[in-house]
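S.K.: Got two chains here, each in a separate frame; can you build the complex from them with the hints?
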Amino acid sequence: MLQAYWYITKMRLITSLTYRFEVFASVGTNLILMLASVFLWKAAYGNGTEQVQALTLQDLTTYTILSIMLASVFVCDVQDTIYSKIREGQIVTDFYRPIPLLACYLADDIGGMLSSMVNKVIPLFIFAALFFGVPWPASPLSFLLFIPSCLLSYAILWLLSALIGLIAFWVMELGNMGMVKDSIVRVLSGSIVPLWFFPESIQTISKFLPFQYTYQTPLGIYIGNIGVREGLMAMGIQLIWVVLLYVLLAAGWRRSKSKTLIQGG
Amino acid sequence: MEAVIEVNDLVKEYIIVQKENGLRGALKGLLFPKKKTVRGVDGISFSIAQGEIVGYIGPNGAGKSTTIKMLTGILHPTSGTIKVCGISPQADRKSVVRKLGVVFGQRTQLYWDLRLGESFELLRRIYQIDNSVFEENMAVLTDVLKLEEFIHTPVRQLSLGQRMRGDIAAAMLHSPSILFLDEPTIGLDADAKHAIRHFIKEINRKRGVTVILTTHDLDDVEQLCSRLVVVNHGKVVEDGPMVSLVHKLAPHRLLVVELQQPFHDLEHPSAEIIKQDGLKIWYQFEKSRISAAQLISELSQKLPIQDLSVKEPDIEDAIREVYKTT
Numbered sequence: 000m001l002q003a004y005w006y007i008t009k010m011r012l013i014t015s016l017t018y019r020f021e022v023f024a025s026v027g028t029n030l031i032l033m034l035a036s037v038f039l040w041k042a043a044y045g046n047g048t049e050q051v052q053a054l055t056l057q058d059l060t061t062y063t064i065l066s067i068m069l070a071s072v073f074v075c076d077v078q079d080t081i082y083s084k085i086r087e088g089q090i091v092t093d094f095y096r097p098i099p100l101l102a103c104y105l106a107d108d109i110g111g112m113l114s115s116m117v118n119k120v121i122p123l124f125i126f127a128a129l130f131f132g133v134p135w136p137a138s139p140l141s142f143l144l145f146i147p148s149c150l151l152s153y154a155i156l157w158l159l160s161a162l163i164g165l166i167a168f169w170v171m172e173l174g175n176m177g178m179v180k181d182s183i184v185r186v187l188s189g190s191i192v193p194l195w196f197f198p199e200s201i202q203t204i205s206k207f208l209p210f211q212y213t214y215q216t217p218l219g220i221y222i223g224n225i226g227v228r229e230g231l232m233a234m235g236i237q238l239i240w241v242v243l244l245y246v247l248l249a250a251g252w253r254r255s256k257s258k259t260l261i262q263g264g
Numbered sequence: 000m001e002a003v004i005e006v007n008d009l010v011k012e013y014i015i016v017q018k019e020n021g022l023r024g025a026l027k028g029l030l031f032p033k034k035k036t037v038r039g040v041d042g043i044s045f046s047i048a049q050g051e052i053v054g055y056i057g058p059n060g061a062g063k064s065t066t067i068k069m070l071t072g073i074l075h076p077t078s079g080t081i082k083v084c085g086i087s088p089q090a091d092r093k094s095v096v097r098k099l100g101v102v103f104g105q106r107t108q109l110y111w112d113l114r115l116g117e118s119f120e121l122l123r124r125i126y127q128i129d130n131s132v133f134e135e136n137m138a139v140l141t142d143v144l145k146l147e148e149f150i151h152t153p154v155r156q157l158s159l160g161q162r163m164r165g166d167i168a169a170a171m172l173h174s175p176s177i178l179f180l181d182e183p184t185i186g187l188d189a190d191a192k193h194a195i196r197h198f199i200k201e202i203n204r205k206r207g208v209t210v211i212l213t214t215h216d217l218d219d220v221e222q223l224c225s226r227l228v229v230v231n232h233g234k235v236v237e238d239g240p241m242v243s244l245v246h247k248l249a250p251h252r253l254l255v256v257e258l259q260q261p262f263h264d265l266e267h268p269s270a271e272i273i274k275q276d277g278l279k280i281w282y283q284f285e286k287s288r289i290s291a292a293q294l295i296s297e298l299s300q301k302l303p304i305q306d307l308s309v310k311e312p313d314i315e316d317a318i319r320e321v322y323k324t325t
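Protein sequence lines correspond, in order, to chains A and B. Its first residue numbered 0, the first sequence is counted upward by one per residue in numbering that gives the first Met the number 0. Its first residue numbered 0, the second sequence is counted upward by one per residue in numbering that gives the first Met the number 0.
Just chain B, with the same shape it has in the complex (with noise of 0.2 Å):
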C-alpha cells in the first residue's frame, strides 16, 4: 500500500513566558520575561497508508492535537518533515487542504448566523465542487447523518450532537480522501456516538478514505481503528494493530456489583475483588480470561445481586501507568 501521509521526525517546540506570583512576580515578568522552550511533539514518525483508520491516542498534552495541526499546514513544525499525498502542507497548504476533512471536536466550521445547510452552499463555492458531486454527496450524508430534520436550523440552535453531524457532513462535502478527526465524540450521547461510528466506517469501506482520530474514547478506538499511534509527552510510544496494544494497555475491566443482602462466599477463580464498601464489590477480570457476559452469569447464580455495571478502563490512565516516563 502507498503511504498517503509520511513524517518524520517531527518537532514543534514553543516558548513560554513563565509568569511569577503576585505583583512583584507580573512586574518582573514585565521587564524580565523568563523563556522556557517546551518541545510539545518531539520527534515523531509514522506513515499512514491509504484507507487505514489510525487511531492516534494520548493522554492531554501529549501533542496529538499539535501534530494534528501541523499535518494540516496550520502549524509549522521546528524541524523534522510532513508529506500529505507528497506535498508539504507547509509549502503548499492550499493544495493539501483540498484533499483533507478536518473536524476538530471542540470547534465548527460552520457558520454561526448562518442556516446550516447555508453553510454547506458557502462549502460548495470554496471547494468549487460540481452540482452533481455535491448532490450525490449531500444525499449520502444527509441519509447516513440525518441531517434532514435540521439542516434548515440556524448553527447556533443546533444541539451539540447535531453540531458535530453537521461538521462531519461539512468535511466531507469536497470528497476528501483523507479525514482527521480530533475528539469526534466528545461530549456526545450513546445514539449521537453511533450514529458517528457507523458513518466513519462507512467511508472508509465504501469510498477507501483514510481516518486519522484522535479520541478519548476507548470504545471509538476498539470499533474504529485497526491500528493505533500511542504519544506520550511528544514522543511516539507505540505503533500497531489494535487488539494487541488495547490488550496491552488496558487488559482488564471492572465488574461492579450491588448485592441486596450481605453475603459470604464472595469469590470467583477468574475475578479478583480489589474493592469492597458495604453491599458494593468492585471485580476486576481479564477480557482474554472470562467475558463480562459469562461472569455476570456465574456470579448472580451464587450472589443475591440488586444491580451491577461493567466498567471499561480509562486509556489514557493506561497509557500514563505503562508510558511512565518521569
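Next comes chain A alone, as it looks inside the complex (with noise of 0.2 Å):
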C-alpha cells in the first residue's frame, strides 16, 4: 500500500517537473509579490512608524521571503482535486480501486510539494539572496523548530482544504467557495502581513481560528519573533487544530459516502 502512494507522490513529482512554463510563470509571479511586499515595508520603516514588539526591517524582510516561499510549497490541491472529480463523474473511478482516496490525493499533494522545492523555492531563495541577502534564521534552535511547525502548518492547511473540497459531495456547485477560503487563510493567517500589526481584537479572536497557525506560527518561530517555550506551545495548539480537523474531515467522509451523486451515464 505505502509502495502505491510512494509511486503517486513520484510520479507527480516526476510530471511536475516537466511542466517548465508553469515553473516561469509560478517563479516571475512569485517574485513580483516578493519585490512589491519588501519595498512596502521599507517604505513604511523609511517614514519613521514606530516599530511594533520590536520587530526590525530586517525581520519583516525574512518574514515576507520566507512566507512567499512557504506558499509555493504548500501545495493543496486536494480541494480542486475533489471538487473537478465529482463535477465531471470522474471520481467513479476512484471509488473502484481498493485504495483510500484522500491518502491518493495527500500523496499526489505532497508529490506536487516535493516538485516546489526543486523548482519553485530555490530560484526564489536563490533570488532573494540577491537581492535582499540571505533571509537567515533567528538561531540554529530556531530553525530546528521552524521545520516541524511547518510540517504541522501544512497538515491544518490540508484538512480545511479536503474539507472544503467534501462540500462538493453535498452541493454539486462549489464555485468560489475554495476562492472565499483561500482569501481567509492568506489574511487571517498572517501570510501578506503578520497579524501582530492587526487591531487587538482580531489578533484575539485569531487565537481561537486555525489560520494564524498556519503562517505566522513556523515563519514567528524561524525570524524568533516567538520564543522557544512560546514556539513549542504553538506547536501544541497546532497539533490540536490537527486532531480537531483530522475527526471532522473523518466523520464528514463516512457521512459523504452515502450521499454521493455520480453525474452522467
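It should be emphasised that the hints constitute simulated quantities derived from the structure, not laboratory data. Idealized CB from N, CA, C, for every residue including glycine. Do not take every clue at face value.
Said to hold, decoys possible - The calculated lysine-lysine pairs, modelled on DSS-like cross-linking and capped at a C-alpha distance of 27 Å, are:
1. K33(B) / K256(A)
2. K93(B) / K9(A)
3. K286(B) / K274(B)
4. K256(A) / K82(B)
5. K34(B) / K256(A)
6. K256(A) / K234(B)
7. K93(B) / K256(A)
Unchecked claim - Footprint (simulated), chain A over chain B, 3 or more residues, beta carbon under 8 Å:
8. 66-75
9. 88-100
10. 109-117
M.R.: Below, the structure written as C-alpha cells:
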C-alpha cells in the first residue's frame, strides 16, 4: 500500500518537473510579489513608523521572503481535485480501487510539494539572497523548531482544503467557495501582513481560529519573534488543530459516501 | 452453479430539484426549491452465476449504470440488498472491488499525464499484485489486446480504441473474477470492437471470469452474451437466454437495395417491402425465415442491383416498443 502512495508521489513529482512554463510563471509572479512586499515594508519603516514588538526591517524582510516561499511549497490541490472529479463524474474510477481516496490525493499533493521545493523554492531563494541578502533564521534552534512547525502548518492547510472539497459531495456547485477560503487563509494566517500589526480584537479572535497557526507560527519561530517556550506551545496548539480537523474530516467523509451523486451516464 | 452476484429488490431514489424557466423561475427555485423524488432503479432483482456472460440492456436512463454503480459500492441503494461473492459492497467496498474489474466506456481510470505502462505499474502497487502474477497477466493482456505499440505512450495521446484497450487491460491486471463492462465498445471502429469481443470471450473461456455487460450494440449482445437481463424504467422486464430474447425483441432485419434502373416485379415471398424511395427499396424480413445471404442472392437474380446493405434493428427501439409502460 505504501508503495502505491510513494508511486503516486513520484509520478506527480516527475510530471510536475516537466511543466517548465508553469515554473517560470510561478517563480515570476512570486518574485514580483516578494519585491513589492519588501519595498512596501521598507517604505513603511523609512517614514519612521514605530516598531511593533521590536520587529526590525530585516525581520520583516525575512518573514515576507519565507512566507512567499512557503506559499509555493504548501500545495493543497485536494479541494480542486475532489471538486472537479465530482463535477465530471470521474470520481467513480477512484471509488472502485481498494485504496483510500483521500490518502491518494495527499500523496499526489506531497509529490507537488516536493517538485515545488526543487523548481520554485530554490530559484526564489537565490533571487531573494541576491536582492536582499540571505534570509537567515534567528538562531540554529529556531530553524530546528521551524521545520516541524511547517509540517504541522501543512497538515492544517491540507485538512482545511480537503474539508472544503468534501462540501462538493453535497453541493454540486462549489464554485467560489475554495477562493473564499483561500482569501480568508491568506489574510488571517498572517502570510501577507503578520497579525501583530492587526487591531487587538482581531488578534484575540484569531487565537481561536486555525489560520494564524498555518503561516504566522512557523514564520514567527524562524525570525525569533516567537521564542522557544512560546514556540513549543504554539506547536501544541497546531497539533490540537490537526487532530480536530482530522476528526471532522473523517466524520464528514463517512457521511459523504452515502450522499455520493455521480454526474452523467 | 453458485451465484456470485445476488441482487434483491434494489431501489435507488434520487431527489431532483426542478428548475423553472426565466428569471422569475430561477428566483423562485432559489427560495422555494421544488423537489421531486425519482426512482432510477425500482425493485430490481437478479442473480448471476460464476462464469456467465450476462448482457444488461435497456434504453438510456433505464437504470443500467446506476445498478452497476451500486454493485461496485460507489452508490448506496435506497433499499434492497446486494451481495457480491457473499459480501455487501456498501459495507466493505475495499474487499469487493478487489474481486472486480470495472470498465466504464465513457470514462478512463488511466492517468492522463502518465504513460500507459506507468498506470499499470501504479495499479500493481494499489492491488499489491505479486510480480510473477503481474508479469504473466501483462504478457497475456499485451498479446491479446495488442498493447505493445502504445504502452509507452502518454494516455492523453492515445486514440479512443487504444485507450479502451488500455482500460480493459487495467481492469484485468489483478485477475478479478467478475468484470463489469459499461459500454465497452462505444465509439470504436470495427477492428477495435472485434479485438475487445475476442478478449472478453477468451477470459470467460480460459479463466471463467463472470462478465456483466451493458451495451447499446446488438452485435455485442449476439456475439457475447448467453443471457440477457432487460431493464426499462428501472424495472427488470425480461430475464432469459439471449437467443429467444433477441428474437422476441428484434425479429426483423432490413435489407436496403438500390437499383440501377426502375424495375417492376420487386416482390419477394419471404420479405416485405416497407418503403420505397425512387430507386431505393427497403425490404423487411424475419431472420428465422430466411437468411440475409439467401435473400440477397435470390433478389440479385432478378433485380438490377447497384448497391445493397443489411441493417440490424436498433435493440433500444425494440425494447421501448415491446415494453411500452407509459
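S.K.: Compare the distance between the alpha carbons of K286(B) and K274(B) with 27 Å, and conclude whether the hinted pair is satisfied.
M.R.: holds, 19 Å
S.K.: Given the hint that K256(A) pairs with K82(B), test it: the Cα-Cα distance must not exceed 27 Å.
M.R.: holds, 19 Å
S.K.: How does the coverage statement for the region 88-100 of chain B fare against chain A, requiring three or more residues with Cβ below 8 Å from a Cβ of that chain?
M.R.: holds (count 6)
S.K.: Establish whether the coverage given for the region 109-117 of chain B by chain A is satisfied; the threshold is a Cβ-Cβ distance below 8 Å, and no fewer than three residues must meet it.
M.R.: Answer holds; 4 residues pass the 8 Å Cβ test.
S.K.: Does the alpha-carbon distance linking K34(B) and K256(A) stay inside the 27 Å limit?
M.R.: Roughly 22 Å separates the two Cα atoms, so the pair holds.
S.K.: Closer than 8 Å Cβ to Cβ for three or more residues is the test here. Does the region 66-75 of chain B pass it with chain A?
M.R.: holds (count 6)
S.K.: Taken at face value, is the distance from the CA of K256(A) to the CA of K93(B) at most 27 Å?
M.R.: Holds - the C-alpha atoms of K256(A) and K93(B) are around 13 Å apart, at most 27 Å.
S.K.: Are the Cα atoms of K256(A) and K234(B) separated by 27 Å or less?
M.R.: Holds, at about 25 Å.
S.K.: Holds or violated: are the alpha carbons of K33(B) and K256(A) at most 27 Å from each other?
M.R.: holds, 25 Å
S.K.: Holds or violated: K93(B) and K9(A), Cα atoms, limit 27 Å.
M.R.: holds, 24 Å
Hint check: no violations occur; every hint is consistent with the structure.
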